[in-house]
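Below are the chains, spelled out letter by letter.
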Amino acid sequence: MRRSRAAVVHGALVVVSAAMLVPFYWVLKTSLTGENIFQYPPALLPRAIHPFYYVDVWYGIPFVRYLTNSVIVSAIAVASNLVCNALAAYALTLRFRGQRAVILVLLSCMLIPFQATIIPAYLITKELHLLNSHLGLALPLCSTIVCIFVFKASFDAVPRSLIDAARIDGLPEWRIIRHVMLPLSTSAVATTVILSFVWSWNSFLWPLIVVRDPQRQTLPLGLSTFLSYMENTTGALYAFCIMVLVPGMVLFLLEQRRFIEGLTSGATKG
Amino acid sequence: MLSVQTWSPFRPSAFAGLVHYEELLFHDEVFWTSLWNTVVFMASSPLAIALALGLALLVDTRIRGRGIYRAIIFLSYPLMTVAVGVIWRWLYDEKVGLINYVLLSLGVTRRPIAFLDSYEWAMPSVVVAAVWQIVGFFMVILLAGLQNIPPNLQEAAALDGASAWQRFRSITLPLLRPAIFLCLMIGIINSFTSFDLIYVMTGGGPNHATEVLITYIYRSAFVLSKFDYAAALTVVLFVFLLALTWLANRATGGEAGAVDAAE
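Top line first, the protein sequences correspond to chains A and B.
To convert, note that position 138 of the first sequence is 138 in this note's numbering; the numbers rise steadily by one, no gaps.
To convert, note that position 26 of the second sequence is 26 in this note's numbering; the numbers rise steadily by one, no gaps.
No lab work stands behind these hints, which were simulated from the structure alone.
What you are looking at is a predicted structure, and each value in this text was computed from that prediction instead of being measured.
Some clues are possibly wrong.
Said to hold, decoys possible - Derived list of chain B stretches under chain A, where covered just means 3 residues or more per stretch with a C-beta under 8 Å from a C-beta of chain A: (1) 32 to 46; (2) 53 to 60; (3) 186 to 194; (4) 211 to 220; (5) 225 to 239.
To be verified - Beta-carbon label-pair distances, calculated as ranges: (6) A/Cys84 <-> B/Leu153: 40 to 46 Å; (7) A/Glu255 <-> B/Arg177: 29 to 35 Å; (8) A/Cys84 <-> B/Ser170: 44 to 50 Å; (9) B/Gly54 <-> A/Val22: 18 to 24 Å; (10) A/Ala6 <-> B/Leu153: 19 to 25 Å; (11) A/Ser108 <-> B/Arg177: 19 to 25 Å; (12) B/Pro46 <-> A/Arg175: 34 to 40 Å.
Here a beta-carbon is modelled for each residue, glycine too, at the ideal position from N, C-alpha and C.
All chains, full assembly: derive it from the sequences and hints.
Right under this line is the structure:
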């Protein structure tokens, strides 16, 4: 009886997992063989695997430039997320007048999706003359409220006596953050790095608006540009796709637990 | 919430009054189409949540390899949506797409369906791809909720002779309410923000069949250069978002407030 139930559960999960994986398989296969683009019926198993399309992507389009742009933008976003959010969170752990109000405002702002503010954000970036720049690309991603609360939760767990001791020893506030708080919150740091990396790496709408110069395009933009002039007719498109997906996937598989924790804690705190 | 916004609905320095809103409400059919499509998109999230709930219950059972299943199902969520759009375009392809091949082989259809180019199929196709991407995320949230339910409640009910279904109805579901509500909120916000997928898969077409508010805002502002009009649209989007959040809040008896205030 128990056996058969477990079998049913396994069966259902295998079917669902297959449904989740087949799209990846299909694209991976196409990127390695170029099959099916002009051929019908499609072959289910790959034949004659070759890396030609990957080479094609690497040399045929400015892949390296897209990659560099993406890396720079993500690096700015991750670094500033760490700094800004840690500072903000530390401020929120101190007692001050209007603290509750600040927290409430932050919490309600969390419900506002960035997409609802793109027009003003665009106009501001334009006024700052940051269109077409890496900084302009990274700017809206530079601080995320979710991560502030991730940090705050972790800072709140640091014993007060430790902070007081550091103060008595004459450490300035910023060194307390640097040498006391952050080393004790490695988990929050990791969560922030992961989340802000994924968000900036995947962001598409904002670069689409801000970047007009092909030299400044990031990977998602490059992919969509490539798609717009290639349509579905080359294996290189799918090779490109796989190359873009790999960093996110690897990061997720390596840091799966932290990733899920970060997202759910961020979400449930919201 | 509104106070933190710095938008300027009427950017041309001349005061335009409610002209844009008038145009939007009475003379713009695309606006209504996009609004309707947004609602359709939103209506798909209960479906995704139900699916995710089923999956969460399955993964929550004590079976081997559940960590692997969970990872696989969640895998699609953190991926770049643009790439996901490309993948699904490829699956939906009219001539050589996998989905058409399967449907033809099973004899479901006689002719291949041009999913993304047909007026009736474009929206459902995009919705399927969107659900595919987000279902793992919902599942993980619900799973966290499930694991917070103390197991002795279930055991006590089982001792009292409650069937599995009764236990699910009167213990699991009520206790899972906050998690479900959270998913719903994310689903609602998502329906206003899924730009990437639609842009890549259909670009809002064919003939606005998949135009949602956010793609329309993008087009108005950055393709047609009607910033003021797009700003008016943004305000509408915002009002909707607020109203829905408020409604959802009411519907769950202020539980959202509880979630919100959980600092």
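Are there at least three residues in the region 53 to 60 of chain B whose beta carbon sits under 8 Å from a beta carbon of chain A? Coverage by chain A holds here, the residue count being 3 at a Cβ distance below 8 Å.
State, for the Cβ atoms of A/Ser108 and B/Arg177, whether the hinted interval 19 to 25 Å holds or is violated. Holds, since A/Ser108 and B/Arg177 (Cβ atoms, about 21 Å apart) stay within the stated range.
Coverage of the region 186 to 194 of chain B by chain A, judged on three or more residues with CB within 8 Å: Holds: 4 residues of the region 186 to 194 of chain B have a Cβ under 8 Å from chain A.
Could you tell me whether the CB distance from B/Gly54 to A/Val22 stays inside 18 to 24 Å? 19 Å, holds
Between the beta carbons of A/Glu255 and B/Arg177, is the distance compatible with 29 to 35 Å? 30 Å, holds
State, for the Cβ atoms of A/Cys84 and B/Ser170, whether the hinted interval 44 to 50 Å holds or is violated. 46 Å, holds
Does the region 225 to 239 of chain B contain three or more residues whose Cβ lies closer than 8 Å to a Cβ of chain A? holds (count 6)
Measuring from beta carbon to beta carbon, are A/Cys84 and B/Leu153 in 40 to 46 Å? Between A/Cys84 and B/Leu153, where Cβ atoms are some 42 Å apart, the hint holds.
Do the beta carbons of A/Ala6 and B/Leu153 sit within 19 to 25 Å of each other? 23 Å, holds
Does the Cβ pair B/Pro46, A/Arg175 satisfy 34 to 40 Å? 51 Å, violated
How does the region 32 to 46 of chain B fare against chain A when you require at least three residues with a CB closer than 8 Å, holds or violated? This one is violated; 0 residues, fewer than the three required, reach chain A with a Cβ under 8 Å.
With a Cβ-Cβ cutoff of 8 Å, does the region 211 to 220 of chain B contain at least three residues near chain A? Result for this restraint: holds, n = 3.
Going down the numbered hints, you'll see the structure goes against 1 and 12, while the others check out.
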